[in-house]
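Note that the protein sequences, when read in sequence, are chains A and B.
Heads up, the first sequence is in this note's numbering, so the first residue is 47 and it goes up one at a time.
Heads up, the second sequence is in this note's numbering, so the first residue is 71 and it goes up one at a time.
Hints are not guaranteed to be accurate.
If we take Cβ atoms under 7 Å as the criterion, some of the chain B residues that face chain A in the derived model are [claimed, not checked]: (1) G113; (2) L119; (3) A173; (4) G174.
Just the calculated beta-carbon pair ranges, DEER-fashion [as the list claims (entries may be wrong)]: (5) A/E66 to B/P78: 35 to 41 Å; (6) A/V159 to B/P78: 33 to 39 Å; (7) B/Q121 to A/A48: 23 to 29 Å; (8) B/V90 to A/E66: 20 to 26 Å; (9) A/N56 to B/T178: 25 to 31 Å; (10) A/G49 to B/A148: 24 to 30 Å.
Think of the hints as simulated: they come from the structure by calculation, not from any bench.
Glycine residues also receive a C-beta, built at the ideal position from the N, C-alpha and C atoms.
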Amino acid sequence: GAGVSQTPSNKVTEKGKYVELRCDPISGHTALYWYRQSLGQGPEFLIYFQGTGAADDSGLPNDRFFAVRPEGSVSTLKIQRTERGDSAVYLCASSPVIGTGYTFGSGTRLTVV
Amino acid sequence: KQEVTQIPAALSVPEGENLVLNCSFTDSAIYNLQWFRQDPGKGLTSLLLIQSSQREQTSGRLNASLDKSSGRSTLYIAASQPGDSATYLCAVRRNNNDMRFGAGTRLTVKP
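Pulled out of the complex, with its shape left as it was, chain A reads as follows (with noise of 0.2 Å):
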């Protein structure tokens, strides 16, 4: 596609309930990253996956976090027992390799109520 695409835009859960929030990277793009964005903050680094495999998930603050790049194009990120502290815009980016700029997303704005 033309850029980054994040579904859906918006989504409020409940507490305890499980989310999934999707990223469409730029076709070619090797190379996506996971950022969560709270208010009046930058973005804070999550995960990163080369092709397929997470190349460095070590921002992820938990383990009810997980994010997964089944065949290298669209990922996945999912949230297990979702809590109000959870509650950030989400944003995804993709580079075509290392080292260059990326593209980001418009953010998924997750809310737990």
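Chain B: place on chain A using the hints.
Positioned in the frame of chain A, the structure of chain B alone reads:
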């Protein structure tokens, strides 16, 4: 651990002024540095990317400089316009590929 700081946190200027946004980072072993713009409720738009071997990049009214040894970058905006109002984020890419962001500078340009 890489820490990225942006000063000021907020800035308000009248239209037409030239202005400078500052970014500092603690670990000089960086791969590149990127400046982004973020409008309220929107994603990030890349403005300028400076590789670690470069000193500056220019795009239109924007000029970004990088001084790795001192751990600093500046974003210069010439002849500011109300449409420049947004949050400007600095991000440093480390050699292990993840990026660390500052908290941003919220710019308001008044007509």
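Hints and how they fare:
Look at B/G113: its Cβ gets to within about 4 Å of chain A, closer than 7 Å, so that hint holds up. Given hint, B/L119 at the interface with chain A, holds; its Cβ is 4 Å from that chain's nearest Cβ, closer than 7 Å. For B/A173, the interface hint holds, the least distance from its beta-carbon to any beta-carbon of chain A being 5 Å, beneath 7 Å. Given the 7 Å rule on beta carbons, the hint for B/G174 holds: about 6 Å separates it from the nearest Cβ of chain A.
Distance hint check: the CB atoms of A/E66 and B/P78 are about 38 Å apart, consistent with the given range 35 to 41 Å. For A/V159 and B/P78, the hinted distance range of 33 to 39 Å is satisfied, since their beta carbons lie about 34 Å from each other. Separation of B/Q121 from A/A48 is about 25 Å and conforms to the stated range, judged on CB atoms against 23 to 29 Å. A C-beta distance of roughly 42 Å is found between B/V90 and A/E66, which places it outside the suggested range of 20 to 26 Å.
Range check, A/N56 to B/T178: about 26 Å between beta-carbon atoms, so the 25 to 31 Å window is met. At about 28 Å, the CB distance of A/G49 to B/A148 agrees with the hint of 24 to 30 Å.
Comparing the model with each numbered hint stated earlier shows that hint 8 is the single one that does not hold.
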